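K.L.:
Protein sequence lines correspond, in order, to chains A and B.
Under full-length UniProt numbering, the first residue of the first sequence is numbered 1, with each subsequent residue one higher.
Under full-length UniProt numbering, the first residue of the second sequence is numbered 1, with each subsequent residue one higher.
It should be emphasised that the hints constitute simulated quantities derived from the structure, not laboratory data.
Treat the numbers as computed from the prediction; the structure is a model and nothing was measured.
Be a bit skeptical, because a hint or two may be false.
[To be verified] Heads up, simulated DSS-like pairs for lysine-lysine below, C-alpha to C-alpha not over 27 angstroms straight-line:
no.: 1; chain 1: B; residue 1: Lys181; chain 2: A; residue 2: Lys237
no.: 2; chain 1: B; residue 1: Lys181; chain 2: B; residue 2: Lys218
no.: 3; chain 1: B; residue 1: Lys390; chain 2: B; residue 2: Lys358
no.: 4; chain 1: A; residue 1: Lys30; chain 2: B; residue 2: Lys333
no.: 5; chain 1: B; residue 1: Lys358; chain 2: B; residue 2: Lys299
no.: 6; chain 1: B; residue 1: Lys263; chain 2: A; residue 2: Lys237
no.: 7; chain 1: B; residue 1: Lys263; chain 2: B; residue 2: Lys358
no.: 8; chain 1: B; residue 1: Lys218; chain 2: A; residue 2: Lys238
no.: 9; chain 1: A; residue 1: Lys30; chain 2: B; residue 2: Lys263
no.: 10; chain 1: B; residue 1: Lys405; chain 2: A; residue 2: Lys237
no.: 11; chain 1: B; residue 1: Lys181; chain 2: B; residue 2: Lys222
no.: 12; chain 1: A; residue 1: Lys117; chain 2: A; residue 2: Lys256
no.: 13; chain 1: B; residue 1: Lys181; chain 2: A; residue 2: Lys21
no.: 14; chain 1: B; residue 1: Lys59; chain 2: A; residue 2: Lys237
no.: 15; chain 1: B; residue 1: Lys181; chain 2: A; residue 2: Lys238
no.: 16; chain 1: A; residue 1: Lys214; chain 2: B; residue 2: Lys59
no.: 17; chain 1: B; residue 1: Lys181; chain 2: B; residue 2: Lys166
no.: 18; chain 1: B; residue 1: Lys358; chain 2: A; residue 2: Lys168
no.: 19; chain 1: A; residue 1: Lys214; chain 2: B; residue 2: Lys405
no.: 20; chain 1: B; residue 1: Lys218; chain 2: A; residue 2: Lys237
no.: 21; chain 1: B; residue 1: Lys23; chain 2: B; residue 2: Lys59
no.: 22; chain 1: A; residue 1: Lys238; chain 2: B; residue 2: Lys263
no.: 23; chain 1: B; residue 1: Lys181; chain 2: A; residue 2: Lys256
no.: 24; chain 1: B; residue 1: Lys222; chain 2: B; residue 2: Lys166
no.: 25; chain 1: B; residue 1: Lys390; chain 2: A; residue 2: Lys238
no.: 26; chain 1: B; residue 1: Lys299; chain 2: A; residue 2: Lys238
no.: 27; chain 1: A; residue 1: Lys256; chain 2: B; residue 2: Lys263
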Amino acid sequence: MAIVSAVLPEELQLATTAHVKYIQSLDSRKDEYDYWLTEHLRLNGLYWGLTTLHLLGHPDALPRAETVDFVLSCQHDSGGFGAAPGHDAHMLSTVSAVQILAMIDAFDELDTRGKGKAQVGKYIANLQNRETGTFAGDEWGEEDTRFLYGAFNALSLLGLLNLVDVDKAVNHIAACANFDGGYGVSPGAESHAGQIFTCVAALTIAGRQNLVDKERLGRWLSERQIAGGGLNGRPEKKEDVCYSWWVLSSLEMIGKTHWIDRDQLVAFILRCQDPERGGISDRPGDMVDVWHTVFGIAGLSLLQYPGLQPVDEVYCMPKSATARVLGR
Amino acid sequence: MADQGGSQHGIARTSRVRTEEQKNRDLERIARYHELEDQVRARVAQGDYSSAVFQLTSKLLRLNPEYYTIWNVRRRCLISGSFSKPSAGSSCSTACLTSSPTATTAPSSISCLSSSSATTPPAPGLPTAGKSGTTADPTVAAAAEPPGAIESAPSEAESHDFTTLKSELAFTIPLLLESPKCYWIWSYRLWILQQAIARLRPALARTVWEEELGLASKMLGKDRRNFHAWGYRRHVVGQLESRSLQGSSMVEAEFAYTDRMIKSDLSNFSAWHSRSRLIPRLLEERAADEAARRAFLDKEFQQIREALNVGPEDQSLWYYHQFLVLNLVYPDKHPAMTPGFTVHDRVAYLKREIDEIKELLEDYADIQLIYEGLFEYTLYLCQLERRNPKADERADLVEWLAKLKQLDPMRRGRWADLEREHELTAGGSDV
């Protein structure tokens with residue numbers, strides 16, 4: 001893919017320096033109202049930002065000690081993490097915390113200064129619905145295949161997948177499959193690219209990819225690419241940079257990334273970046289945010305854009321980190 | 001993680017430089033927001049889940065409905081204060097208490113209810129019989145209990161809880177209309193509805209749940225593809241059908257709903273999908289015999305063919321057509337519509353579909369989905385007859401694949417794989 005940088009005009013070059021600065025600036029916006037309105041996503045945001053920096057080859061652009069301190073300050077006695085200090089524990093922020101600590105090699109600090117790996121594992125395992133195998137987001141009971149994937153992601157990184165009933169969870173995912181090869185948020189729900197990522201990645205972690213109808217799913221996923229090169233998340237919907245991750249990572253997991261046009265998708269993602277001030281948006285010309293930035297960069301990494309660190313398609317973390325943590 | 005809250009979708013990129021005035025306005029809003037937040041946090045830290053805290057959550061959630069912790073505080077206020085305590089002989093189930101979190105150690109028993117009506121807006125938007133729009137939904141009427149089904153008068157505790165729950169449902173409506181894709185509002189609403197099952201007698205709880213179909217229809221009227229609303233609808237129907245709400249099947253009504261949604265927008269794949277999931281149950285409950293199932297499949301094929309005639313470029317239609325064809329090709333996975341079919345029947349149906357699609361080519365020569373359909377279904381035909389493609393079929397496959405490469409170069413990697421897999425390279429081995 002070295003040809004990409006040679007062929008694309010200058011405005012379609014990745015603005016790495018601007019993106020690094022953009023991520024670094026995210027926590028200096030405390031005089032903006034939106035900064036506070038999005039506090040419920042703070043830990044997720046840190047994971048998105050840190051992953052972006054790692055993939056851009058600037059893993060030290062956020063200070064490690066402060067990162068560890070902040071993450072540990074979000075932990076509850078239950079072992080779960082809230083989005084920020086003062087926020088209730090939730091699966092989504094707990095998974096982000098584990099991913100961050102895994103990326104910066106800080107599980108030791110979790111054991112010595114936090115509540116410990118085992119307690120985190122216990123918190124997550126307690127959210128499994130032992131009847132159906134799926135997982136809730138927190139004690140209030142909302143269930144979704146996002147939470148099931150999150151549980152598998154974090155528990156496997158912690159080496160604690162044995163705490164849950166993997167077979168039952170796998171059966172639940174199988175029940176979420178649709179005739180088109182895709183998966184929905186729960187049994188009966190329409191196939192959705194984001195949910196397909198969570199289900200296929202969870203099956204991959206469980207070593208049960210044999211349940212995926214790869215031909216049919218690959219076809220459906222490849223048909224998400226529409227004129228202009230971007231990917232949508234469902235039939236007859238608009239394209240959006242975040243699907244560069246959900247669709248592409250799923251294609252990668254089933255070995256069919258070559259079923260879409262890589263160069264056109266690269267160009268689409270790069271058209272969505274703000275080359276001066278950094279960051280990536282959902283579509284060209286829209287406001288950037290850290291969510292679309294990480295999934296745009298991770299997509300580019302899967303597309304082997306030059307200069308980026310390889311991303312793990314199952315965990316959305318640098319491969320170097322998952323290899324170290326999982327002992328691959 | 002797949003949580004899109006807080007991300008910027010579809011907002012035009014503008015200069016991030018704010019004027020002094022904008023900065024000051026932001027600072028004022030931040031100060032007001034923090035003041036509210038600080039008050040809630042300070043009181044919660046004291047274990048205070050009183051009506052005062054409840055009212056603060058209303059204010060804060062109107063500013064920020066994504067603030068999930070505040071929704072949780074609100075739940076704890078209801079559990080520790082507003083809801084009546086189950087008493088001996090109460091008809092309310094106590095399941096609500098055993099299933100609720102143990103985190104509430106709040107000493108407060110002050111009722112939020114009497115004061116909550118002052119802070120929550122009067123129930124807007126909720127559908128009521130006779131109003132236009134949402135109650136056009138016949139599923140509501142079909143499922144409604146006759147008046148008088150709730151025979152004995154409700155206890156004071158029950159009507160208290162009923163009012164509290166209705167007030168909570170009303171509170172979320174304007175928030176949902178403003179943020180229709182906010183997971184936290186939908187899940188709070190479902191939690192409230194779950195409380196209705198736990199705290200009210202089934203007939204009364206049912207009246208609460210029945211209104212939710214109107215809400216789902218209203219939200220789908222505003223955005224036909226909103227998967228939160230479709231999921232909500234599925235969940236509501238599932239509960240209305242369940243024993244805990246003295247329900248019975250609504251599959252006919254829901255199937256009719258997909259009819260209406262498809263008629264108003266053929267491209268609504270969410271509705272086609274829903275249809276694909278309802279059909280097996282629908283036929284089961286109709287106790288349809290083989291002939292009825294065959295007639296049903298005929299009608300479905302006819303409907304989708306007519307749709308393809310006007311919109312052959314529409315993926316939604318082709319996906320549904322595929323679903324029907326899978327019923328012919330994989331009866332073990334999709335047994336609903338073709339139980340009495342012999343292989344001969346399956347072949348005949350598939351041939352007819354292939355011929356019909358070929359006719360589409362007369363009007364539309366440059367639509368890749370047509371060639372994709374022909375290619376896929378011809379291979380299915382060979383599969384059903386347990387043979388390789390005949391010479392003329394092979395020539396067709398080669399030609400269609402060439403068209404696909406030409407019309408749809410984005411997916412050339414897939415066409416190349418298919419070419420290799422089925423040995424279709426020009427001049428390749430003959431079968």
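K.L.:
Taking the hints in turn, state whether each one holds.
P.N.:
Against the structure, the hints:
no., hint, result
1, Lys181/B with Lys237/A, "holds (15 angstroms)"
2, Lys181/B with Lys218/B, "holds (14 angstroms)"
3, Lys390/B with Lys358/B, "holds (18 angstroms)"
4, Lys30/A with Lys333/B, "violated (55 angstroms)"
5, Lys358/B with Lys299/B, "holds (20 angstroms)"
6, Lys263/B with Lys237/A, "holds (19 angstroms)"
7, Lys263/B with Lys358/B, "holds (25 angstroms)"
8, Lys218/B with Lys238/A, "holds (22 angstroms)"
9, Lys30/A with Lys263/B, "violated (50 angstroms)"
10, Lys405/B with Lys237/A, "holds (24 angstroms)"
11, Lys181/B with Lys222/B, "holds (12 angstroms)"
12, Lys117/A with Lys256/A, "violated (36 angstroms)"
13, Lys181/B with Lys21/A, "violated (31 angstroms)"
14, Lys59/B with Lys237/A, "violated (35 angstroms)"
15, Lys181/B with Lys238/A, "holds (16 angstroms)"
16, Lys214/A with Lys59/B, "violated (49 angstroms)"
17, Lys181/B with Lys166/B, "holds (22 angstroms)"
18, Lys358/B with Lys168/A, "violated (45 angstroms)"
19, Lys214/A with Lys405/B, "holds (21 angstroms)"
20, Lys218/B with Lys237/A, "holds (20 angstroms)"
21, Lys23/B with Lys59/B, "holds (23 angstroms)"
22, Lys238/A with Lys263/B, "holds (22 angstroms)"
23, Lys181/B with Lys256/A, "violated (31 angstroms)"
24, Lys222/B with Lys166/B, "holds (23 angstroms)"
25, Lys390/B with Lys238/A, "violated (41 angstroms)"
26, Lys299/B with Lys238/A, "violated (31 angstroms)"
27, Lys256/A with Lys263/B, "violated (36 angstroms)"
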